[in-house]
Amino acid sequence: MSTLPIWQFDVLLLILVVLFAVVALSIRNLMGAAVVFGAYSFMMCLIWAGMGAVDVAFTEAAVGAGVSTVFVVSTLYNTGATVQPRTGGLAFKLFIGVVVTIAGAFLLSALPDFPEWGASDSPVNAKVAPYYILNTIADSHVPNVVTSVLADYRGFDTLLETTVVFIACIAIYSILRIDKAKLEVGEPAAAPVPRYDPGDSLIVRQASRFMVPFMQLFALYVIAHGHYSPGGGFQGGVILGASLILLAISFDLKSLLRQWSEKTLMLLVAAGVFLYAAVGLACMFMGGNYLDYGFLDSILPGEKDMARSHGILLVEIGVGITVMFSMIAIHINLASNGRFDRGL
Amino acid sequence: MEKLIANFNYVIVVILMMIGLWSMLAQKNLIKKCIGMAIFQTGIILFFISIGAKDNALIPILTEAANHTYPVSDVSKVANPLTQILMLTAIVVGVATLGVALALAQKIYQQHSSFDEDEILENERK
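Just so you know, the protein sequences line up as chains A and B, in that order.
Numbers given in the working numbering equal positions in the first sequence, counted from 1, plus 12.
Numbers given in the working numbering equal positions in the second sequence, counted from 1, plus 658.
Bound-form chain A, shown alone (with noise of 0.2 Å):
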C-alpha cells in the first residue's frame, strides 16, 4: 500500500497528457497537430483505464484515438491548409493568458472544498450510484453496471444523446453537402486539390481488405457480449462505422457508395433512433412505463428481469446502427467536401 492515495503510474500519464495537448496545439504542421491530438486521446484512455472506467476507455480508443482523428485529418485533406501561415499579435495573446489564468484561478480556488480523490463516501459515490450496483443483477442480470444503468435505467439520457448524433448527422448534411445538378448551372467546381491516392497502394488495400471482416466481427461481439464485459452499441456502433471508413480510405469512396448508397445511409442513422423509440413505446403498449422493459416479458422470453436484459440488449443494438452510420455519413461529407463523389 502506497502512501499516496494517486497512483504514480497516473501522475506520470496525467503529465504526459498536459504535454501532448500543449504540443498538440503549440505545433504548426495542423496534420502533425491531427496526430499528436490523437497520442493526446490514447494518453487519456489509459488514464481512465486506470481509474475503472473501462468502458469509457474503450469509447474514447475508439471515438477519441481513432474517428475523430480521421475527421481532422479528411477536413485538411480536402482544404489542403496543413501549415498555419501566422500567429495573432503578443499583446493579444498576453490579454487572453491574463483572463485564461484568471479564470483557472478561481477554479483552483474551489479546489480544497473537494472530497479528497478515491474516498468512497464522497457525495457523488455514496448517494445514488449503490443502488445501481446493488440492484443491477436482481433487475435485469446485467452484470456490467454501465451497460444496465445505460441502457436501462437512465435509457432516457441514452435515447436523446442517440437523438444528439442523429441532428449532428443532419447539420452536417445541410452544412456540407453540394447537389450535383446545381453545381453545374452554379458557381464552377472548386479547384482539385493535389491528393495522394491510398488507394494506389497494393500495401494498405491487402491489408485492410484482411482487417475489414476480423474489424466486423469483433464489433459485433462487442455490441452482444455489452452485458457482460466492456463494450456495448456506442463502442461497436464506432468501431463497425470505422471498419468500413478504413475501406473508404483504402479503397475509394464510391466502392463504399456502391454498397451503401447516400440513401441507405440516412434511411439507417434514422432507424437506430427509431428502433430506440419504438422499444419504449412497445412498453407502453404493454402497459408499462415508456422505456420501461420489464413489460416486454410477454414477447420477448423469460421472466421480467430477462426481458429487461433482452430489451437491453435491442435498445444497444438501434444506439449502434445510429452511431455506425452517422459516423460513416460524417466522415463521407467531410472527406468529399460534400459531393459524395471522391475523397480521402
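Bear in mind the hints are in silico, worked out from the structure with no lab data behind them.
Keep in mind the model is a prediction, meaning the values are calculated, not measured.
Positions of the beta carbon are idealized from the N, C-alpha and C atoms, including for glycine.
One should not assume that every hint holds.
Going by beta-carbon spacing under 8 Å, a handful of chain B positions derived as facing chain A [what the hints assert, rightly or not]:
| no. | residue |
| --- | --- |
| 1 | V672 |
| 2 | I677 |
| 3 | W680 |
| 4 | T700 |
| 5 | K712 |
| 6 | D713 |
| 7 | A715 |
| 8 | I719 |
| 9 | V733 |
| 10 | V751 |
| 11 | G757 |
| 12 | L760 |
| 13 | L779 |
For this one, chain A is given, so just place chain B on it according to the hints.
Just chain B now, with coordinates in the frame of chain A:
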C-alpha cells in the same frame, strides 16, 4: 501541498481546461480552435471520471471471478458507474459535435480559402 498532491487529478483538469480555453480564444486557426474545444471537453470528462473513482476499487463489472457476491456486499469496492455512463455518451456526442465544427470550418474554407481568422475577416470586409 498535501491537499494538492491528493487532488492532483483536479489540478490537471483545471490546467487542461485553461489550455483548451486559451486555444479557443487566442488561436487564430479554426482547426486549432476545434482541437482546443476537444481538449476542454476531455478535461471535463477527466473531472467526472476522477470524482467517480474509488481507491482500491474494481471496475464496475460484477463477476464471480473478481470475488463479487450477489448482492454486492461492499459497494466501496466497485467504481462508480453513474459518472462513467454520463461521460461515455458525452464522448460520442463530442465526436458528433466536433464533426459539425469541422464541417463549418470546411464550409468557411470553401468561401475564403483560409482557416486563418484574420484573413477571413479581411476577406469579409472587401
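Checked hints:
1. V672: With Cβ-Cβ at 5 Å, under 8 Å, it holds.
2. I677: 5 Å, holds
3. W680: Since chain A brings a Cβ to about 5 Å from B:W680, closer than 8 Å, the hint holds.
4. T700: 5 Å, holds
5. K712: Hint on B:K712: holds, closest Cβ of chain A at ~4 Å, below 8 Å.
6. D713: It holds, given that the least Cβ distance between B:D713 and chain A is near 3 Å, below 8 Å.
7. A715: 6 Å, holds
8. I719: For B:I719, the interface hint holds, since the closest Cβ of chain A sits about 5 Å away, which is under 8 Å.
9. V733: Because about 4 Å separates B:V733 from the closest Cβ in chain A, which is inside the 8 Å limit, the hint holds.
10. V751: Constraint on B:V751 satisfied, holds at 5 Å.
11. G757: 4 Å, holds
12. L760: Holds, because the Cβ-Cβ distance from B:L760 to chain A comes to roughly 5 Å (cut-off 8 Å).
13. L779: 12 Å, violated
Comparing the model with each earlier hint shows a violation of hint 13 alone; every other hint is respected.
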